[in-house]
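Generate coordinates for the entire structure from the input sequences, incorporating the hints supplied.
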Amino acid sequence: MAEQSGIRDEVKKFIIDEFLPGEDPDELTPDTPLVSSGILDSIATLKLVTFLEETYDISVEPHEVDAENLDTLDLITSLITSKL
Amino acid sequence: MSLHQSLTDSAGRHPGRVAIEHPDGSFIRYAELDGLSDRFRDRLVHMGVAPGDRVGVYLRKSVDTVAAIFGILKAGAAYVPIDPTAPATRNAYVLSNCAVSAIIVAADFEQGLLDEFAENEFSTRTLVVDAAEGGLSGLLDRMQVADAADRANTVEMKADDLAYILYTSGSTGRPKGVMITSGNAESFVAWCLEVFEPSHEDRFSSHAPFHFDLSILDIYTSMASGATLVLVPSDLGKEPVGLAKLIADHKISIWYSAPSILSLLSQYGKLEEQDYSNLRIVLFAGEVFPVSHLRTLKDQLPNPRYFNLYGPTETNVCTWHEIPPTIPESRTQPFPIGSVCSHLEGIVVDSAGQEVSTGDEGELCIAGASVLKGYWNLEEQTQHAFLERADGKRWYHTGDLVVEETPGVYRFVGRRDRMVKKRGYRIELGEIEVCLYRHDEVKEAAAIAMTDEDGAVTIRAHLATLDGQKLSMIKIKRFCSEYLPLYMVPDAFRFHATLPKTSTDKIDYQALSRQD
Chain A
3 MAEQSGIRDE
13 VKKFIIDEFL
23 PGEDPDELTP
33 DTPLVSSGIL
43 DSIATLKLVT
53 FLEETYDISV
63 EPHEVDAENL
73 DTLDLITSLI
83 TSKL
Chain B
7 MSLHQSLTDS
17 AGRHPGRVAI
27 EHPDGSFIRY
37 AELDGLSDRF
47 RDRLVHMGVA
57 PGDRVGVYLR
67 KSVDTVAAIF
77 GILKAGAAYV
87 PIDPTAPATR
97 NAYVLSNCAV
107 SAIIVAADFE
117 QGLLDEFAEN
127 EFSTRTLVVD
137 AAEGGLSGLL
147 DRMQVADAAD
157 RANTVEMKAD
167 DLAYILYTSG
177 STGRPKGVMI
187 TSGNAESFVA
197 WCLEVFEPSH
207 EDRFSSHAPF
217 HFDLSILDIY
227 TSMASGATLV
237 LVPSDLGKEP
247 VGLAKLIADH
257 KISIWYSAPS
267 ILSLLSQYGK
277 LEEQDYSNLR
287 IVLFAGEVFP
297 VSHLRTLKDQ
307 LPNPRYFNLY
317 GPTETNVCTW
327 HEIPPTIPES
337 RTQPFPIGSV
347 CSHLEGIVVD
357 SAGQEVSTGD
367 EGELCIAGAS
377 VLKGYWNLEE
387 QTQHAFLERA
397 DGKRWYHTGD
407 LVVEETPGVY
417 RFVGRRDRMV
427 KKRGYRIELG
437 EIEVCLYRHD
447 EVKEAAAIAM
457 TDEDGAVTIR
467 AHLATLDGQK
477 LSMIKIKRFC
487 SEYLPLYMVP
497 DAFRFHATLP
507 KTSTDKIDYQ
517 ALSRQD
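Going down the list, the sequences are from chains A and B.
When you number the first sequence by our numbering, it's gap-free, plus one each residue, and the end is 86.
When you number the second sequence by our numbering, it's gap-free, plus one each residue, and the end is 522.
Some hints could be false.
For each label pair, taking beta carbons as the anchor points, the in silico distance ranges come out as [said to hold, decoys possible]:
| # | chain 1 | residue 1 | chain 2 | residue 2 | range |
| --- | --- | --- | --- | --- | --- |
| 1 | A | Lys49 | B | Thr338 | 21 to 31 Å |
| 2 | A | Asp76 | B | Tyr99 | 26 to 36 Å |
| 3 | B | Gly31 | A | Glu56 | 33 to 43 Å |
| 4 | B | Met456 | A | Asp11 | 51 to 61 Å |
Calculated directly from the structure, the hints in this document are not laboratory data.
Virtual Cβ for every residue (Gly too), placed ideally from N, Cα, C.
The structure is reproduced here in structure tokens:
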């Protein structure tokens, strides 16, 4: 879906710019594990949630801040679209 | 009094009181906990676990986990708590290293563990606990039907018998087992009871995982007081809003954690929305608590008493300092680590092992009842960890540099070597380097700790690769996460053609630290 891939690209850009400066964007695929592999630590995850809430005007519940919902670009995108 | 005696005594005095509570709603009363741990003891003895044996505990934190720990102690064995979030390879190494004679493991960890043991050719007796199949109680019921175990006698441990082994980061790349005796743990718990004066009305947090020595204060001080221990699951442990709610909802009266968790709660936890009237003591240990963050927290939560506790796993808490009721705005220097605990002695020595003049910087060494027996199967490392003095006492080298700023009160200056604390976790930079060297593309590796302007510690890895190309951060972080716990995965990477060297051809860590 066009809207979903647009969101996924925006989130991908944020993650690369904020947490992986200099990284080849092709390395970050829709299913690269982010939280469970240490690429995003707990502080980075909180910063990501703030970005998502501000950019998409959604509310992420405390119990949703975990690998189950945020571990990959695909999971993050699903979470966002489910709240739009 | 053996460690497990506190449970039996409290079960006798307050059988109906809740011993342990979990936010998922599960709980257990003292009498039931005593009974469940007795049954586990019986099963272990029936399986051939003998006094002095080690038993691995590879479970998430739960009521069953505490029951298992007490069952192991009652069988006269030492428990070896395993970090459920660490890679299976590292965990298998720990279990083989101390040659456990049995392991209690959660059903979803079982396969990962067995995969590792095929390599190690290590046969063991494994007890698999599945919450969906009645947990520990369900398992013991089924085993009793299949092969009944007789009632065994609880073993009275002597002071020198091992109670548990806690594995910590090792600079050679392998974790090392800190051997703690029953006497070590009991003397520490007695100190806790003396200073914090808990009662059966208290409600202790259990934030730290059971493989960290903060858990010793949580579990055994709570048991000895007939109080309630509130388990904090690991995923909630770093989620500030949920954690802030848990502390209030479960009316925690005594909180103990690393300072970074308190900073997280203060900044993101929305503390003003909750009721903390029950919180009377806040304990923190493991790293320096930046004064500005502590001041903010005390403004948000003014009622409790605050204590800075210091001590390596090898001694548990060995110095303590109560924070004054108000912190002047002008204060920026971190609070002292304080005075040596009443059950221990401390001296400050130079690199030759001689006591320094009062007020001079030196390494803190500790002697007394809660100092470790040694490192498991590491004779040389154990010997090097102690200072020999004419008094014949065993003085443990903490590796921390301190200054006696007022009589009997110590201020922390820095580390003597390449161990760092990051968010309360103990990390040997050498262990990270060993992991990096495992990567096929890495020619040279150096891990250094940096401090950002907030006082937070980050790990930067400097690498030189075989073909001189940069590696993908994603790929190298994922690689590291297969060998190291997540908190040890470097935060940033820098690539060099070759790493700078000193005049003696060693990697020049100073030069790397000066790079921005």
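Each hint tested on the structure:
no., hint, in the structure
1, A/Lys49 - B/Thr338: 21 to 31 Å, "holds, 26 Å"
2, A/Asp76 - B/Tyr99: 26 to 36 Å, "holds, 34 Å"
3, B/Gly31 - A/Glu56: 33 to 43 Å, "holds, 35 Å"
4, B/Met456 - A/Asp11: 51 to 61 Å, "violated, 32 Å"
Of the numbered hints listed earlier, the single one contradicted by the structure is hint 4.
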